[in-house]
Amino acid sequence: MSTTTPLLELRNVHSYYGNIQALKGISLTVNEGEIVTLIGSNGAGKSTTLRTISGIIHPRSGEILLDNKRIDHIPPHDVVKLGVLQSPEGRRIFPRLSVRDNLEMGAFTRNDTAGIAEDMERVFDLFPRLRERANQKGGTLSGGEQQMLAIGRALMGRPRVLLLDEPSMGLAPVLVEQIFNIIKEINSQGTTVLLVEQNALMALEIAHRGYVLQTGQIVLADTAKALSENEMVQKAYLGVE
Amino acid sequence: MNPRIRAGLAGGIFGALITLISVDQVVYLAGMLAGTTAGMMVAYMEPQKKWLDGLRQGIQAGLLGGLFIVIAKLLRAILINPLIGDSTDLGGQFMLGLNGLVIATIISAIFAVIATLPRPQDLIGRYAMVAILTLIYPWIDQYFQYRFMGEVIPVLVFVLMALGLNIVVGYAGLLDLGYAAFFAIGAYATAMVASPHFGISLSFWLVIWIAAAVAAIFGVILGAPTLPLRGDYLAIVTLGFGEIVPIAATNLDTFSLSILGFKVIDNINLTGGPKGINPINRPYLPGIGAFQSSQPIPWYYLILIIMIFSIFFILRLRNSRLGRAWTAMREDELAAEAMGINIVKTKLLAFSMGATFSGFAGAFYGSYISAIFPESFRFEVSVMLLCMVILGGMGNIPGVILGGLLIQFADRLFLPQLSNMMQSIISSPQVQLPSSLSFLHELSFASDFRLLLFGITLVVMMLLRPEGLIPSERQRMELHADEEPVVEQQQTEVYTARNQETV
Amino acid sequence: MATQTVDTSTTGRNIPWGLIGRISLVVFFVLFLAVPLWNTILEMIANPQLLLRQLIIGLTNGAYISLIALGYTLVYGIVELINFAHGDVYMIGAFMSLTLIGLFGLQAATPPEVRYPLMLLILVITMAFTATLNVGIERFAYRRLRTVSRLAPLISAIGVSFILQNVGLLWGYLRFPALNGVMGSNAVAPKSFPNLLPTQNLLEPLQAVFGEGFRVRFTGKDLIMIGTAVVLLGALYFFVQRTKLGKAMRATAQDRDAAALMGINVNRTISLAFLLGGALAGAAGMLVGLYNGTAVFNMGFKAGLFSFTAAVLGGIGNITGAMLGGLLIGLIAALSDQYINAKWTNAVIFGILVLILVFRPTGLLGENVQQKA
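Chains as they are written, first to last, in our numbering: chain A, 7 to 247; chain B, -16 to 486; chain C, 12 to 384.
Some clues are possibly wrong.
As the list claims (entries may be wrong) - Quick list of in silico lysine-lysine cross-link-like pairs, DSSO-like style, CA-CA up to 27 Å:
#: 1; chain 1: B; residue 1: K246; chain 2: C; residue 2: K313
#: 2; chain 1: B; residue 1: K258; chain 2: C; residue 2: K354
#: 3; chain 1: A; residue 1: K143; chain 2: C; residue 2: K255
#: 4; chain 1: A; residue 1: K75; chain 2: A; residue 2: K143
#: 5; chain 1: B; residue 1: K258; chain 2: C; residue 2: K313
#: 6; chain 1: A; residue 1: K87; chain 2: A; residue 2: K75
#: 7; chain 1: A; residue 1: K190; chain 2: A; residue 2: K231
#: 8; chain 1: A; residue 1: K231; chain 2: A; residue 2: K241
#: 9; chain 1: C; residue 1: K313; chain 2: C; residue 2: K354
#: 10; chain 1: C; residue 1: K313; chain 2: A; residue 2: K87
Note that these hints are calculated values from the structure, not bench results.
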């Protein structure tokens, strides 16, 4: 997976919430076709990174590049139009819209009705449970189903880069495995993935490369395999004594 | 902008507006007000240590303000006086303007010099000056034949109410849109026990306390349902009560009560209906006799005394545990409750304390006008009071007083004077009004632009300066938090890659 | 720092105020209101034709109240702001439609084939005007304040309300000859609408069935009022439930950040909510102006109060709720006018508002506002 320019790149990004600095000079790259994971404990700044990429927060300094074009100060809806879609932390599906409507919202920026219908079929193929519940209101779904819906919704935008924020959160281990397998499947179908996770074990299993984030700074960057064998990572994040 | 210029500008515009629309003699009052404004502002913005520097800055600001007054006087002499038959002797008008300038400069200088004193002499001196000016005003009014006294007294009543509203909105952070209801309750309570209406005729000095107590009790009654509500819903409910009270007052001239079908009370006239209740007893002092409407001076001093007492009491409240509980509750209700503050008691006390001062105001007002009508207590009044608090600066007393005076001034003096002036101009024989402008005959700034005055005040203040003209430090911090300079957070690194080796 | 003992005793603290409040309310009701209520019901049954007429009036009330209530509910659902000025937008709609009526020279004598198409055109123009006005107000007076504090937009809305009222007051000065005298001779007095709606009783044929004593009236006016409202409400419902933009609006109301992540332009969607609300309010203004034959600068206050109560009754943010609430409040207002006394109706509605907000703030059908993540 080596390409000359990375698909997504962050250069020395500093992000703030009001006066509190959350990201202190983050630099990372995601190459096309990869799964890159960002691991770290609570409050390390993982979600903030994704929110900054998506344009919900604008970095105070630093650059974010998609295909070498800057996207760090454009509004969120433009980021989506360029093909960067997120499945946010906590799922954030629309509780009173039906499953189908939720998916439609994912395709909001698109106009090709045929393509949208096609993609919805694809999502239903990927997540058959959603097809069963297509007309149910999103809020009535279980946690795992909501996570599937969130990912499916993001897929509906035909993303070039799929940002996943803690897909394992609050899910039973069996479901977590299921979700992660599906993520691998999505990636094998050609979608680039930036995966933010607290569950470092699973994340490093499916990722190609990874970064470790601590209090707003990248402290380690390596292939996933190397990270999973790294002593510090093992002690801090993999529960190895 | 240079603070002296700013202060001079503010005072000057104020003074110029007054001068422009008023007759000759008012220029002295304009000078006084301009001087006070300029002097206070310049000292606030650019504090000096040495009295000579203070003198210099005061004179400069005052001169600038006075200059505006002179220009305004001349403009009036040239443009307006010919049309309304006032003096067009430019030399004389210029001299008058100059008098105003002199007064403005002197007063501004005095305030600026006082401000150079160390605290607390500075504060004492400033308040003393304001007190002196306020206390001698009736004589100034009489000397120059202003005849403003009749208007000044209701102004002070409304300022008193604004101070009461400030407790609820400014200190406790509860947006009360129905505050006029307590004014009504105080006034009606007074009317019911100090007039021929029910035949009860108590002395005013007793009644004012009764009215305040009744208002305070209603503060609790009307505040209780709002306890579980937050921000905007609380505002709407208070608005609801603010409307129900005048409606009840209008309709309860035929009040019947039946319990379980049996008529207990049949058709009594409780509130006098739309016609209200009149006459109402006046205060009586041995030596002066009963207060008369034609003699405003005793009323003036009475309301001043009530206000001073109220301000004193409100300050004590603010600096007490209750006041601090209000602040905590305003900032974050949940956190305050977690710290052990009894939110129920704190909120109810805010409403009832606020209502008390409205009760005083209502009692005074009812007695002063010697009549009350439900029309005087409608939503507009509540909104006007809100304007005063917001314009001046929520949560601080000088701000609220200033805001109150400005709004009242604009509403009672400026708009009507503007109206009169315009009417004089267009009815003067020298002016031929084109028929397309004939509607100006009908237009009355006083009544047709009031709502615009209140509305624009609220919108503009919210957009430009939500903390008010004289902000309390805390409000300014609260409202402009995102514009603060960046503070670098030093966080201890618990575990970094660099430290790896040392583990 | 000296430690102080904290008084943690709870004796005498746990007075169940809520329960006391509820019990006092029930006692109050039984002692003072139960018997009069029963008498009123008897009165209603005694004269069924009058009751029927009140129900019809209630329906026409409900028509315009629902239209305005939708504006409140759409806006509150999406930005959690009580748009105080909304009732006054309705009033401006009435005045605008009156101006257009004058401009087009419509009178009672105008033949129907000219009159009705023109009225439709006026309706469209008025709705477009109030829609734009509402969007402008949001842009100018509310948008920037969303981040300042919770209450700043509300205070600004009060200010806008007063500004609009004053505009309504001064509107009467527009006495251009082109307007054919529709503004009357006194600028600030209430204005009269020409009699443009059909007033004959559509139920007259039923006299043949029920006999001469059957005098229930349901006029063409009533039909047009209710019919127009139903059409507009239906169109709005369809838009919100079935179209992409409509769903996007609902999505934004449910979770603003997630909506942004979908590529939905949040600001534009908020403007859309204001646009729709404003259009409906303008339509209501024209309908009421034609129905009652009059418009006055402060008509927005009462209508706004009734409509906001309706929105809260149905469940704030809930679109079907606003329609249901509008209907209910319309009925209650009509019944109160007839069987209690019109001078108390405002207080009754206010009372209902207070009761709902205190005892069941989510309304009948449940509220529909931002999920706090």
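Tested hints:
no.: 1; hint: B:K246 <-> C:K313; in the structure: violated, 32 Å
no.: 2; hint: B:K258 <-> C:K354; in the structure: holds, 15 Å
no.: 3; hint: A:K143 <-> C:K255; in the structure: holds, 17 Å
no.: 4; hint: A:K75 <-> A:K143; in the structure: violated, 38 Å
no.: 5; hint: B:K258 <-> C:K313; in the structure: holds, 22 Å
no.: 6; hint: A:K87 <-> A:K75; in the structure: holds, 14 Å
no.: 7; hint: A:K190 <-> A:K231; in the structure: holds, 16 Å
no.: 8; hint: A:K231 <-> A:K241; in the structure: holds, 15 Å
no.: 9; hint: C:K313 <-> C:K354; in the structure: holds, 12 Å
no.: 10; hint: C:K313 <-> A:K87; in the structure: violated, 45 Å
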